[in-house]
Every structure is written in C-alpha cells, then in structure tokens.
Amino acid sequence: QKEVEQDPGPLSVPEGAIVSLNCTYSNSAFQYFMWYRQYSRKGPELLMYTYSSGNKEDGRFTAQVDKSSKYISLFIRDSQPSDSATYLCAMSLQGGSEKLVFGKGTKLTVNP
Amino acid sequence: KAGVTQTPRYLIKTRGQQVTLSCSPISGHRSVSWYQQTPGQGLQFLFEYFSETQRNKGNFPGRFSGRQFSNSRSEMNVSTLELGDSALYLCASSPTRSNYEQYFGPGTRLTVT
Chain F
41 QKEVEQDPGP LSVPEGAIVS LNCTYSNSAF QYFMWYRQYS RKGPELLMYT YSSGNKEDGR
101 FTAQVDKSSK YISLFIRDSQ PSDSATYLCA MSLQGGSEKL VFGKGTKLTV NP
Chain E
2 KAGVTQTPRY LIKTRGQQVT LSCSPISGHR SVSWYQQTPG QGLQFLFEYF SETQRNKGNF
62 PGRFSGRQFS NSRSEMNVST LELGDSALYL CASSPTRSNY EQYFGPGTRL TVT
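Chains as they are written, first to last, in my numbering: chain F, 41 to 152; chain E, 2 to 114.
These are computed hints drawn from the structure, not numbers from a lab. Glycine included, each C-beta is placed from N, C-alpha and C at the ideal position. Be aware that one or more of the hints could be misleading.
Have a look at the derived ranges for each label pair, beta carbon to beta carbon [stated by the list, open to error]:
{"no.": "1", "chain 1": "F", "residue 1": "N95", "chain 2": "E", "residue 2": "Q18", "range": "30 to 38 Å"}
{"no.": "2", "chain 1": "E", "residue 1": "T54", "chain 2": "F", "residue 2": "P152", "range": "23 to 31 Å"}
{"no.": "3", "chain 1": "F", "residue 1": "D106", "chain 2": "E", "residue 2": "S80", "range": "31 to 39 Å"}
{"no.": "4", "chain 1": "E", "residue 1": "S80", "chain 2": "F", "residue 2": "R81", "range": "24 to 32 Å"}
{"no.": "5", "chain 1": "F", "residue 1": "Y91", "chain 2": "E", "residue 2": "S52", "range": "23 to 31 Å"}
{"no.": "6", "chain 1": "E", "residue 1": "G17", "chain 2": "F", "residue 2": "I58", "range": "47 to 55 Å"}
{"no.": "7", "chain 1": "F", "residue 1": "S93", "chain 2": "E", "residue 2": "T114", "range": "31 to 39 Å"}
{"no.": "8", "chain 1": "F", "residue 1": "S92", "chain 2": "E", "residue 2": "K58", "range": "25 to 33 Å"}
{"no.": "9", "chain 1": "E", "residue 1": "S80", "chain 2": "F", "residue 2": "G56", "range": "49 to 57 Å"}
{"no.": "10", "chain 1": "E", "residue 1": "K2", "chain 2": "F", "residue 2": "D106", "range": "41 to 49 Å"}
{"no.": "11", "chain 1": "F", "residue 1": "E97", "chain 2": "E", "residue 2": "R64", "range": "42 to 50 Å"}
Below 27 Å or equal to it, Euclidean Cα-Cα: the simulated DSS-like pairs (lysine-lysine) are [claimed, not checked]:
{"no.": "12", "chain 1": "E", "residue 1": "K14", "chain 2": "F", "residue 2": "K82"}
{"no.": "13", "chain 1": "F", "residue 1": "K42", "chain 2": "E", "residue 2": "K14"}
{"no.": "14", "chain 1": "F", "residue 1": "K82", "chain 2": "F", "residue 2": "K144"}
{"no.": "15", "chain 1": "E", "residue 1": "K2", "chain 2": "F", "residue 2": "K96"}
{"no.": "16", "chain 1": "F", "residue 1": "K144", "chain 2": "F", "residue 2": "K96"}
{"no.": "17", "chain 1": "F", "residue 1": "K110", "chain 2": "E", "residue 2": "K58"}
{"no.": "18", "chain 1": "E", "residue 1": "K14", "chain 2": "F", "residue 2": "K107"}
{"no.": "19", "chain 1": "E", "residue 1": "K58", "chain 2": "F", "residue 2": "K144"}
{"no.": "20", "chain 1": "F", "residue 1": "K110", "chain 2": "F", "residue 2": "K96"}
Computed, partial: chain E to chain F, Cβ under 7 Å [stated by the list, open to error]:
{"no.": "21", "residue": "N57"}
{"no.": "22", "residue": "N100"}
{"no.": "23", "residue": "Y101"}
{"no.": "24", "residue": "F105"}
{"no.": "25", "residue": "G106"}
{"no.": "26", "residue": "P107"}
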C-alpha cells in the first residue's frame, strides 16, 4: 500500500463549480499536510499547509484534515479557468527534517 | 524577492555520462531539498541539505549525490546516467528548519538518450 494515495483524475468541471480534491494516507504519524498546485512545465507552488486535524481557509481555498480517517481534502470555491492545473497533496511526519511524501497529483480542468 | 532558480532548464545527455544540476534558493533560505518527478512515480524525494549538511536522503542509488555550499546554493550530480533517469528534477528551499513550507524552482528537465 502506498503511503499517500491520490486519484489522478482527470477532473473536468465548469467555471464556478466547487471542486473537491482528496488524498488518503496510511501512516498515522503524519502531522503536517500540504497542498501544492503545479501548472504545466512549472514547479509546484505551495497553496497552504495545515498542522494535525482541522480546517484552514485561504480565499477560495479550504483545506481539511481528518486524521481519524486518514483523509485530507482541498476545496476550491467558485473555480476559475486559471485554477486548471495538477494539484498535489504532501505530508510529513514532524515538519522538521523529515522528508515530504507526495501524492501523484490530480489533474483539474476548469472549463469557461 | 527572487524565487528559487535552477540551471540549466533543459539538458540532453547520453547514457553513461554524468550531469550536474544547480539550484539557488530564495535569499535567506538555508534548507534545500531535491526531488525527481516522473509521470509514473510522481514526485520522489532525493535529499535535503541544511547549512551544508545532508539531513535526509531518499531511496535512490549512490549515483545520485548532492552538496550545499556556504551561500546555501546547492548542486546535485548524477553519474553513469541511465535512460530511467530522464525526469524533471526539482529543487525546493525552505525558510526554516521545517519542511512543511517549501518553495519550488521551475525544475531542470533531463533527457537521457
């Protein structure tokens, strides 16, 4: 079983839709949870990170962590064509010197 | 502030050759990590340096090595290139000792023929 599982999609939605992106993980020791956005031919861009369980909101983006279910989500409200990208989840054990473990990414297309 | 820069952006090498990739972190960042990204395996951690010391290493063969200089710039080297080394190599820097806030460069796309 892979440490982090992420549905690769592709996911196609109309502009203005609410998008839900998810990852599951197997290692209950993960403490930090990150979401990155990667446009084609670019490096990943950090969207947000959360520590342990709970929600975090930043503009149109909301990250949720459910440690009891080993499940994290990223919600995008009022999606825009500029949100079209691959979204990667990542996790680390302590946020210190521990390496990040990434999901393989979900490719999202928002159609005008 | 300038972002993470990586050079070169594109590289074509032949099997058996070696290659050196360079990364300049964001000014003030002392932690630098390297990743390999392929369609099949996704993003995989190679190694991480903090203040010139390797703190962590991924599961890659010894052909992959790296170093960090006193100005935090970092290089990674791959010797005896194999076709399977073709990938996007990404460098990321972090402002603290913690790795949950990493900023990635644009990557170096290496093609091995």
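Okay, the hints, checked on the actual structure:
1. Taking 30 to 38 Å as the suggested C-beta distance range, the pair N95(F) and Q18(E) does not conform, at roughly 49 Å.
2. Distance hint check for T54(E) and P152(F): the Cβ-Cβ separation is about 49 Å, which falls outside the suggested range of 23 to 31 Å.
3. Checked against the given bound of 31 to 39 Å, the beta carbons of D106(F) and S80(E), roughly 44 Å apart, lie outside it.
4. The beta-carbon spacing between S80(E) and R81(F), approximately 27 Å, falls within the hinted interval of 24 to 32 Å.
5. Y91(F) and S52(E) have their C-beta atoms about 24 Å apart, which keeps the hinted 23 to 31 Å range intact.
6. Between G17(E) and I58(F) the beta carbons are some 51 Å apart, a value that agrees with the proposed interval 47 to 55 Å.
7. Remark: the range hint 31 to 39 Å for S93(F) to T114(E) is contradicted by a beta-carbon distance near 48 Å.
8. Separated by about 27 Å at the C-beta atoms, S92(F) and K58(E) satisfy the suggested range of 25 to 33 Å.
9. Range check, S80(E) to G56(F): about 51 Å between beta-carbon atoms, so the 49 to 57 Å window is met.
10. Judged by the Cβ atoms, the range 41 to 49 Å given for K2(E) and D106(F) is violated: they are separated by roughly 35 Å.
11. Hint check: E97(F) to R64(E), Cβ distance near 44 Å, so the stated range 42 to 50 Å holds.
12. Between the alpha carbons of K14(E) and K82(F) the distance comes to roughly 21 Å, so the proposed pair stays at or under 27 Å and holds.
13. The suggested pairing of K42(F) with K14(E) is violated, with an alpha-carbon distance near 32 Å, which exceeds 27 Å.
14. Taken as a hint, the K82(F) and K144(F) pair is honoured in the structure, with Cα atoms around 16 Å apart against an allowance of 27 Å.
15. Of the pairs offered as hints, the one joining K2(E) and K96(F) holds, with about 26 Å between alpha carbons and a cut-off of 27 Å not exceeded.
16. Distance check on the hinted pair: K144(F) and K96(F) sit about 22 Å apart at the alpha-carbon level, within 27 Å; holds.
17. For the hint pairing K110(F) with K58(E), the CA-to-CA distance comes to about 25 Å; that is within 27 Å, so the pair holds.
18. Proximity of K14(E) to K107(F) is assessed by CA-CA distance (about 44 Å); at most 27 Å being required, the pair is judged violated.
19. Only pairs whose Cα atoms come within 27 Å are accepted, and K58(E) paired with K144(F) is accepted, the gap being roughly 20 Å.
20. For the hint linking K110(F) to K96(F), the alpha-carbon distance of about 17 Å falls within 27 Å, and the restraint holds.
21. Of the supplied interface hints, the one on N57(E) holds, with its beta-carbon coming within about 5 Å of a beta-carbon of chain F, less than 7 Å.
22. Evaluation of the N100(E) hint against chain F yields a held restraint, the C-beta minimum of about 6 Å falling below 7 Å.
23. Annotation: interface hint on Y101(E) holds; nearest CB of chain F at approximately 4 Å, less than 7 Å.
24. Taken as an interface hint, F105(E) checks out: its beta carbon lies about 4 Å from the nearest beta carbon of chain F, inside 7 Å.
25. With its C-beta approaching chain F no nearer than about 5 Å, G106(E) sits inside the 7 Å limit, and its interface hint holds.
26. Using the Cβ-Cβ criterion of 7 Å, the hint placing P107(E) at the interface with chain F is satisfied: the shortest such distance is roughly 5 Å.
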